[in-house]
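Since the structure of chain Z is already known, use the hints to place chain H on it.
2 protein chains.
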Amino acid sequence: MIVIVEIMPKPGILDPQGKAVNQALHQLGYNEVNEVKVGKIIRLDIDETDHETAIAKAEDMAVRLLHNPNVESFRVVLPEEIDNTVEEKLQ
Amino acid sequence: MIVIVEIMPKPGILDPQGKAVNQALHQLGYNEVNEVKVGKIIRLDIDETDHETAIAKAEDMAVRLLHNPNVESFRVVLPEEIDNTVEEKLQ
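Chains as they are written, first to last, in this note's numbering: chain Z, 4 to 94; chain H, 4 to 94.
Chain Z extracted, bound-state conformation:
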C-alpha cells in the first residue's frame, strides 16, 4: 500500500529554498507570486493492506525519523485523496 507523508516548514520558520524559488520566479516575470514554501513528499510503499494500520505506521515513521519537529510539520495522506489532478477535477 502506498502512503504519502507531506512535510512542510512550520509557519514563521525561515524557508531559504522557498525564498530562492520566489526570487527566481520574479526574475522570470511572475510578479503575481506572493510567497513560496518548499516542502517534501515522502512516498512510502508499505507491506500492509489495512488503511488505518498503514497510516498509523507512516505517522510513527514521520515522528521517529522523517520530519524535524523543531521546524517542520507533517501530515499523512493516502494517494487516492491526491490522485485526482486538477485538470480532471475541472473537466
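It is worth saying that the hints were derived from the structure and are not from the lab.
There may be inaccurate statements among the hints.
Which copy? The list can't say, so a pair holds if one copy fits it or any two copies do.
Stated by the list, open to error - With a Cα cut of at most 20 Å, we get these calculated DMTMM-like pairs of lysine to aspartate or glutamate:
#, residue 1, residue 2
1, K13, E38
2, K22, D63
3, K22, D50
4, K43, E75
5, K13, E62
6, K43, E62
7, K22, D48
8, K13, D48
9, K22, E38
10, K22, E35
11, K13, E75
For chain H alone, coordinates are given in the frame of chain Z:
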C-alpha cells in the same frame, strides 16, 4: 490563491534520498517498507482568483523553472483537494 506543485522523481530514475530514507527506516525496524521515493512540494501563493488561470500559471512555472523534465514529473493541485487529512476521512 494557494496552488501546489508536486514534483516526484520519474519511475526508473535513481532516487538516492529515497534509498537513504528506506535504509534508515529498515535500521529502525520498519521492515515492512518496500520502497521510498522522495519528492518536493512547492506551495505557491499567487495573486489570482480564478482557479483555472492559477493552475495554468503554476503549470507554466513548473515547466519553465520548478521541475527538471529529464528526471522529474510534476502535477498541479489545489489545496482543497489535499486538505482533508486521512484522519478526517476515516472518521
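Hints versus structure:
1. In the homo-oligomer, the alpha carbons of K13 and E38 lie at most 20 Å apart inside one protomer (14 Å), although the nearest pairing across protomers, at 27 Å, exceeds that limit.
2. Taking the shortest Cα distances, K22 and D63 sit within 20 Å of each other only across copies (19 Å), while inside one copy they are farther apart (30 Å).
3. With identical chains, the CA atoms of K22 and D50 are at most 20 Å apart between copies only, with a shortest distance of 17 Å across copies and 38 Å within one.
4. When the C-alpha separation of K43 and E75 is checked against a cutoff of 20 Å, the pair qualifies both within a copy, at 10 Å, and between copies, at 14 Å.
5. Within a single copy, K13 and E62 get their C-alpha atoms as close as 17 Å, which meets the 20 Å cut-off; across copies the closest is 25 Å, which misses it.
6. With identical chains, the CA atoms of K43 and E62 are at most 20 Å apart both within one copy (15 Å) and between copies (19 Å).
7. In this assembly of identical chains, K22 and D48 lie within 20 Å of each other by CA distance solely across copies; the values are 12 Å between and 32 Å within a copy.
8. In this assembly of identical chains, the alpha carbons of K13 and D48 lie at most 20 Å apart only when taken from different copies (16 Å versus 26 Å within one copy).
9. For a Cα distance limit of 20 Å, the shortest separation of K22 from E38 inside one copy, 8 Å, qualifies, whereas the shortest one across copies, 31 Å, does not.
10. Taking the shortest Cα distances, K22 and E35 sit within 20 Å of each other inside one copy (15 Å), while across copies they are farther apart (37 Å).
11. Taking the shortest Cα distances, K13 and E75 sit within 20 Å of each other inside one copy (5 Å), while across copies they are farther apart (26 Å).
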